[in-house]
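> Chain by chain, the residues:
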Amino acid sequence: MTQATFAAALLAPDLPCPAGLRAWNGSDPTARLAVYRNNVVSSLIDAVADTFPVTQELVGEEFFRAMASVFVRQHPPRCRVLAHYGAEFADFVDGFTPARAVPYLADVARLERARVLAYHAADADPLTAERLVSAMASGKDLGALQLTCHPSTSVVVSEHAVVSLWAAHQGHGDLSAVDPALPESALVVRPGLDVLVLRLPPGAARFVIALQAGAGLANAAALAAGAAADFDLPSALALLTGHGALITAQFPGSRIQ
Amino acid sequence: MSTLSTVPGLRAKRAVPAVPRVRRGVGLPLRAGVGLKPEHFRDVLETRPDIGFFEVHAENCMVDGGPFHHFLGRIRELYPLSLHGVGLSIGAEEPLDEAHLDRLAALIKRYQPASFSEHLAWSGHGGVFLNDLLPVPYDRATLDRVCDHVDRVHERLQRQMLLENPSTYLEFEVSTMDEAAFITEVIRRTGCGLLLDVNNVHVSCTNHSRDALVYISSLPLNTVGEIHLAGFATDRDAAGAPLLIDSHGSPVDEAVWDLYAAVLAGTGPMPTLLERDNDVPSLATLLDEARRAEELMPAPAEAEPCGICWSRS
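Top to bottom, those sequences are chains A and B.
Read the first sequence against our numbering and you will find it ends at 257, with the numbers running on by one and no gaps.
Read the second sequence against our numbering and you will find it ends at 313, with the numbers running on by one and no gaps.
Everything labelled a hint here was simulated from the structure, so no lab data went into it.
Since we're looking at a predicted model, the values are computed, not measured.
Nothing false has been slipped in among the hints.
Derived DEER-like restraints, expressed as beta-carbon distance ranges: (1) B:Q112 to A:K140: 44 to 54 Å; (2) A:A49 to B:A99: 20 to 30 Å; (3) A:D14 to B:A239: 15 to 25 Å; (4) B:P38 to A:N219: 39 to 49 Å.
All C-beta atoms, glycine included, are put in the ideal place defined by N, C-alpha and C.
Extracted from the complex, chain A is given alone in its bound form:
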């Protein structure tokens, strides 16, 4: 028996116990193989549950673990570092028919995944508002200014009230008062030790996404204004520096931090 056969049997409970296994008392090795089968699947479900606690609260533990057991068999980890596991989970939830009754579930999962990525992301010193102001006052072509986001930064754009739903599960706000149908976008960033989750106006969300794609200040602001007529660049910059979401401000050819 090869390890390929053994591994396949672990992830597929309907496969027969591989040949060549035995127990000292001659008992059916299938019962003993079940220990490994359970270790593999339940430890992976636990890993998914650790990353997506609010997703679990929204549907209840029993439903969540049943859903996750399908996920872990379809998408077992490809990496030995479990902190990275679960990249495909939100898309999986989107396509998981029994979860359709909770249309915002996948976006809450996206937000929770972003939090875990931020938690483990590389560290970097945030750009202070003073340094940004001095860069902007340097007399150079302001529109070409390149702002770099903190490595922990991500934006989750949702058609649902993803930030309010998540926050209500942290004890902030009344869950029954949340209208899940109101679109919200989240900024997730970890400037220090704590991961921050903030509600971003639609224009600011588009602005951060543009910055992350490498757009200069003028292009990013134009894209943001195109997405939301009320986009306000100074308040977006204040919000980002105020929460440590930027780390460098750099003109092409020179570097000012």
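Given the structure of chain A, go ahead and fit chain B onto it with the hints provided.
Then chain B, alone, in the frame of chain A:
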């Protein structure tokens, strides 16, 4: 290891050749340690408990930044560290993952652990990681492969590793030697040390109807660099025989404490980790178990432990 001078009888009985090509680890202090859990980071720094060392799972540290590295770095300044791998898959049919070895080398360089250990097990195949410690047959082909893998670990990390005896639930028809003989041969051929997991001994010996004391006495105890203690869960196999499961989710069982005392009588005091990975209790509860382990350690024949510098404070 200098501690072994306390058990000359064992050394005389079970001579293990010196292995000059592998630099031996600095060694953990002859005390008890506990697993370092994120929920205890702040508690450890605030209370600075009197504990011999902390152990972390290597794979939990393989992230770019964030609180884990922040707190581990600060705690490492105060305590010796044991780096315990759970994903290298030394028993795999496939070659070792060189990228994973690179990650281990980087962690060792950064945190300078007093000990690095891994398992006699495999944990993935064909690019899929199964997150469990899976059993290997004890035959000649597996022995050669495991020895090649341990040799490669030594070569890449430039330090001795400790190999942990597994907890297993199944045996293979192709096995031609018993587990203790297999482990003894890996140690003899590669010069690795033994991480003697006493709970795994109890679990495996119960599951395969072996005598735990005979199993232990068959191992080269003079190569032990660390002991693990943990709790297990109880199940039954298809014939109703007890099937113990290495769960790391409960206190150490009295049978395992007894076995531990028997091991200590042969080895003298040994760095001993209390493992708890599921249903993790308060730090104080873990420290109580660690104290019990230290109370069982006989007074060392000499005051100096095996390591060089285990207290950096």
